[in-house]
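On the provided structure of chain A, position chain B as indicated by the hints.
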Amino acid sequence: MAKLLVVDDEEHIRLLYSEELKEVGYEVITAESGYKLLETIEEEKPDLVILDIKMVDYNGLDLLQDIRNRFYDLPVILSTAYDTFKEDMKSIAADFYVVKSFDLTELKKKIAMALETRLPT
Amino acid sequence: MASYEENPQGITKADIVVGIPTLNEAKTVGNTTEQCARGLREYFGNLNSVIVNCDNQSVDGTKDAFFAARCDIPRIYVSTQPGETGKGNNLRNLFEVVRRLEAQAVVVLEADISNLAPQWIKKLVEPILKGIGYVTPLYVRHKYEATLSSSVIYPLTRCLYGRRVRQPNAGDCAFKGSLVDAFLGSPVWTDAVRNSGIDIWMTTIALNARVPVSQCFMGTPKVHRVKDPYAHLSSIFRQIMSASFDLMGVYADFWRLVKWSKPTALAGTDTEDVESPLPVDVNMNRLYDRFVQGFEGASRVWEKMFDQTVCHKLNEIRDMGLQHFSIPTQTWARILFDAALIYHRVEEPQRTDLLDSLLPLYLGRVLTFVKKTERMSVQQAEDYVESECTVFEECKPHLIKIWE
Numbered sequence: 311m312a313k314l315l316v317v318d319d320e321e322h323i324r325l326l327y328s329e330e331l332k333e334v335g336y337e338v339i340t341a342e343s344g345y346k347l348l349e350t351i352e353e354e355k356p357d358l359v360i361l362d363i364k365m366v367d368y369n370g371l372d373l374l375q376d377i378r379n380r381f382y383d384l385p386v387i388l389s390t391a392y393d394t395f396k397e398d399m400k401s402i403a404a405d406f407y408v409v410k411s412f413d414l415t416e417l418k419k420k421i422a423m424a425l426e427t428r429l430p431t
Numbered sequence: 047m048a049s050y051e052e053n054p055q056g057i058t059k060a061d062i063v064v065g066i067p068t069l070n071e072a073k074t075v076g077n078t079t080e081q082c083a084r085g086l087r088e089y090f091g092n093l094n095s096v097i098v099n100c101d102n103q104s105v106d107g108t109k110d111a112f113f114a115a116r117c118d119i120p121r122i123y124v125s126t127q128p129g130e131t132g133k134g135n136n137l138r139n140l141f142e143v144v145r146r147l148e149a150q151a152v153v154v155l156e157a158d159i160s161n162l163a164p165q166w167i168k169k170l171v172e173p174i175l176k177g178i179g180y181v182t183p184l185y186v187r188h189k190y191e192a193t194l195s196s197s198v199i200y201p202l203t204r205c206l207y208g209r210r211v212r213q214p215n216a217g218d219c220a221f222k223g224s225l226v227d228a229f230l231g232s233p234v235w236t237d238a239v240r241n242s243g244i245d246i247w248m249t250t251i252a253l254n255a256r257v258p259v260s261q262c263f264m265g266t267p268k269v270h271r272v273k274d275p276y277a278h279l280s281s282i283f284r285q286i287m288s289a290s291f292d293l294m295g296v297y298a299d300f301w302r303l304v305k306w307s308k309p310t311a312l313a314g315t316d317t318e319d320v321e322s323p324l325p326v327d328v329n330m331n332r333l334y335d336r337f338v339q340g341f342e343g344a345s346r347v348w349e350k351m352f353d354q355t356v357c358h359k360l361n362e363i364r365d366m367g368l369q370h371f372s373i374p375t376q377t378w379a380r381i382l383f384d385a386a387l388i389y390h391r392v393e394e395p396q397r398t399d400l401l402d403s404l405l406p407l408y409l410g411r412v413l414t415f416v417k418k419t420e421r422m423s424v425q426q427a428e429d430y431v432e433s434e435c436t437v438f439e440e441c442k443p444h445l446i447k448i449w450e
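If you read the sequences in order, they're chains A and B. Residues are numbered in the working numbering as their position in the first sequence, beginning at 1, plus a constant of 310. Residues are numbered in the working numbering as their position in the second sequence, beginning at 1, plus a constant of 46.
One should not assume that every hint holds.
Covered stretches of chain B (chain A as the covering partner; in silico rule of three or more C-beta atoms under 8 Å from a C-beta of chain A) [what the hints assert, rightly or not]: (1) 258-271; (2) 302-308.
Calculated pairs, EDC-like style, for lysine to aspartate or glutamate (alpha carbon to alpha carbon, straight line, at most 20 Å) [unchecked claim]: (3) K396(A) with E172(B); (4) K419(A) with E440(B); (5) K400(A) with E428(B); (6) K400(A) with D316(B); (7) K109(B) with E88(B); (8) K308(B) with D357(A); (9) K176(B) with D372(A); (10) K419(A) with D319(B); (11) K308(B) with D413(A); (12) K396(A) with D429(B); (13) K400(A) with D429(B); (14) K396(A) with E432(B); (15) K396(A) with E130(B); (16) K308(B) with E416(A); (17) K308(B) with D398(A); (18) K308(B) with D383(A); (19) K396(A) with E321(B); (20) K396(A) with E428(B); (21) K400(A) with E172(B); (22) K364(A) with D316(B); (23) K176(B) with D383(A); (24) K308(B) with E342(A); (25) K400(A) with E432(B); (26) K396(A) with E318(B); (27) K305(B) with D383(A); (28) K176(B) with E416(A); (29) K410(A) with D429(B); (30) K305(B) with E426(A); (31) K418(A) with E440(B); (32) K305(B) with D357(A); (33) K400(A) with E440(B); (34) K305(B) with E320(A); (35) K400(A) with E130(B); (36) K400(A) with D319(B).
Label pairs and their computed distance ranges (CB to CB) [said to hold, decoys possible]: (37) I339(A) with P443(B): 32 to 40 Å; (38) D376(A) with T436(B): 36 to 44 Å; (39) R346(B) with E330(A): 53 to 61 Å; (40) T436(B) with E329(A): 25 to 33 Å.
FYI, nobody ran anything at the bench for these hints, they're computed from the structure. Note that the structure is predicted; figures quoted are calculated from it, not measured. All C-beta atoms, glycine included, are put in the ideal place defined by N, C-alpha and C.
One chain only, chain A, in its complex shape:
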């Protein structure tokens, strides 16, 4: 069972993602901010991170750079309410992005793709 880490400062998003993704068989852990995110990843060893771009205290795109620099191949899906973030170069270090929605079809599709994308070693 793949373990997903949902990082979002909105509680209802964490709940929504958590419940729906658990229903389709994923183990889900959550974090409400980017505080000590790298340490959390180190300890929990998630298979994938779903990362909110705009959090009150943290910029998800900066966190993405930190994740990519330390965990080179860890899949990261950016979750955002706005798609203007693409103008920021930093976003290209993400595996995928999804626009936040109550319909998680697209998110589930991207999770499946990201987890499938394991380059042979």
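Relative to chain A, chain B alone:
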């Protein structure tokens, strides 16, 4: 092996090597050397650096200009044998110097970049010193600049090897010194690689060496000598495609297992002043004419090599005329995949005929891209390229099937 070397300071070891490949670059190599030296001194003054001019026996005084540059970084000049040209040959000499000097980090920069600045050295070297294995620059580009990369090399390399390297043959790069063992040990060392195929060859080998790859946002366009995009197009196209197809054969066991693609790390995101891309004029009528003219000669090759579905589709596309012209991405991906397989099944001169027959299709594909993105911003066009790459990835099972 280099036929000639000058190492006036007797350098036997270095931490950082900057390589500048040249052929008759007396007017530009001095400035390039000085900018590199300033970057090395300013940002890596605590490390031992050397600048290597890897030349093709230039007759215009390139060597003298290189040594005359005002620079306090040690310099080495190496050259190929007289009459032996090609950037690939230059870089092979560089690899041997790097191996001998046991360098940790290597940067390759073309000699004619007029806006090269010392910070470029920092941007390219820093990721290597932090553990990245191979760095490609991410220059600010107009949507119609480097269309061979956007239409062919990027989508093909990405879908094959599973890593999103947007400018895989930018001409400049950085890599960790130990990677030269992979370069020098490659079974593919063809005429194409000795010439323009060298850039995609290096990137492909790095991807297959599974070293961490990073792209470095340069925040500026690469301003270099203005080249007529059509002047050497057929030979450059042939060399780059040939290098790509040859490497597909070598790495088939790897790419057949790769599904979808992953991003790379990204450096240079702290760049503050991002410049605008340089304007690029595109003549749609000329692209269309080149497609139609090429079609006449190439269709005989296609009939022999592609199956009837593809030939029928291409006839349909030609008959559309300029106004409705479009080569769909699925068709283009299938053409490239089929061509790669056929390339491996035939010998010369059919290989050259095949690659030459792809050129009008490539120009048709550029025309398709221009028509689709005419009213788009650079960012929107970039999103479009990304969506095309996804189509290539979705079509990859066809390649795997026919390859088996």
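Hints, verified against the model:
no.	hint	in the structure
1	258-271	holds (count 3)
2	302-308	holds (count 6)
3	K396(A) with E172(B)	violated, 25 Å
4	K419(A) with E440(B)	holds, 14 Å
5	K400(A) with E428(B)	holds, 14 Å
6	K400(A) with D316(B)	holds, 10 Å
7	K109(B) with E88(B)	violated, 25 Å
8	K308(B) with D357(A)	holds, 14 Å
9	K176(B) with D372(A)	holds, 18 Å
10	K419(A) with D319(B)	violated, 37 Å
11	K308(B) with D413(A)	violated, 25 Å
12	K396(A) with D429(B)	holds, 9 Å
13	K400(A) with D429(B)	holds, 15 Å
14	K396(A) with E432(B)	holds, 12 Å
15	K396(A) with E130(B)	violated, 45 Å
16	K308(B) with E416(A)	holds, 18 Å
17	K308(B) with D398(A)	holds, 18 Å
18	K308(B) with D383(A)	holds, 8 Å
19	K396(A) with E321(B)	holds, 17 Å
20	K396(A) with E428(B)	holds, 10 Å
21	K400(A) with E172(B)	holds, 17 Å
22	K364(A) with D316(B)	holds, 19 Å
23	K176(B) with D383(A)	holds, 16 Å
24	K308(B) with E342(A)	violated, 26 Å
25	K400(A) with E432(B)	holds, 15 Å
26	K396(A) with E318(B)	holds, 17 Å
27	K305(B) with D383(A)	holds, 14 Å
28	K176(B) with E416(A)	violated, 35 Å
29	K410(A) with D429(B)	holds, 19 Å
30	K305(B) with E426(A)	holds, 7 Å
31	K418(A) with E440(B)	holds, 18 Å
32	K305(B) with D357(A)	holds, 17 Å
33	K400(A) with E440(B)	violated, 25 Å
34	K305(B) with E320(A)	violated, 33 Å
35	K400(A) with E130(B)	violated, 42 Å
36	K400(A) with D319(B)	holds, 15 Å
37	I339(A) with P443(B): 32 to 40 Å	holds, 34 Å
38	D376(A) with T436(B): 36 to 44 Å	violated, 27 Å
39	R346(B) with E330(A): 53 to 61 Å	holds, 57 Å
40	T436(B) with E329(A): 25 to 33 Å	holds, 29 Å
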